[in-house]
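**Q** The opening position of the sequence shown corresponds to residue 1 in the numbering used here, with each subsequent residue numbered one higher.
There may be inaccurate statements among the hints.
Stated by the list, open to error - In the DMTMM-like style, the derived pairs of lysine to aspartate or glutamate whose C-alpha atoms are separated by at most 20 Å in a straight line are:
(1) K149 with E162
(2) K64 with E51
(3) K142 with E95
(4) K149 with D167
(5) K142 with E119
(6) K149 with E119
(7) K56 with D38
(8) K64 with E54
Rather than coming from a laboratory, the hints here were simulated on the basis of the structure.
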Amino acid sequence: MYSIAVLNCVIKGYHDFQIRIPTWVSLRVEREYSNTRDQHACLIWMPSLVEIPEDKHVEVTDVKRYFTIQDIAGLPVGRVPRYLAAGFRQILDSERAAVVCRTTGDPCQSFPPWPHHLEPGGGVVIPCDFFVEGITSETTAKLFSSILKTAINEMPEKCDIEIKINDNVN
């Protein structure tokens, strides 16, 4: 099995969802069919409560609003950045891999190379890494890597994003 890591990214749309996510959670990336402004949009979802260990259900994720894991389980938490979403959408449409997201920090004002928080596309973001998992062949891994490199090349933030292909993932 192969996987592709897309490192040094962010989750967009915190202002819409306002959900703080523990770094131990693997989030699902899925197509957002109802987005009429962006045909390639992808939402990032918290796993359902049955997918989360029971001892974590009461873990507080937002001290200010006292949200726990059971409050946010199964909810959308943000969106994949626009150009990267187009690449993930192609991969998800192929039905040959899954895309997951893992946060690497707390919500914060967007930071370079992402747009300034007062500019279009800026605002509060959540630092993260994305992983394309369940790839069964080297050929498919190379194809998906090429799709992602093309998508990332369209991004103004491309200089900081890294792609790594990993093999023998269990």
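**Q** Each of the hints needs a verdict: does it hold here or not?
**A** How the hints compare with the structure:
{"no.": "1", "hint": "K149 with E162", "result": "9 Å, holds"}
{"no.": "2", "hint": "K64 with E51", "result": "25 Å, violated"}
{"no.": "3", "hint": "K142 with E95", "result": "16 Å, holds"}
{"no.": "4", "hint": "K149 with D167", "result": "18 Å, holds"}
{"no.": "5", "hint": "K142 with E119", "result": "35 Å, violated"}
{"no.": "6", "hint": "K149 with E119", "result": "25 Å, violated"}
{"no.": "7", "hint": "K56 with D38", "result": "35 Å, violated"}
{"no.": "8", "hint": "K64 with E54", "result": "23 Å, violated"}
The structure is inconsistent with the numbered hints 2, 5, 6, 7, 8, although it conforms to all the rest.
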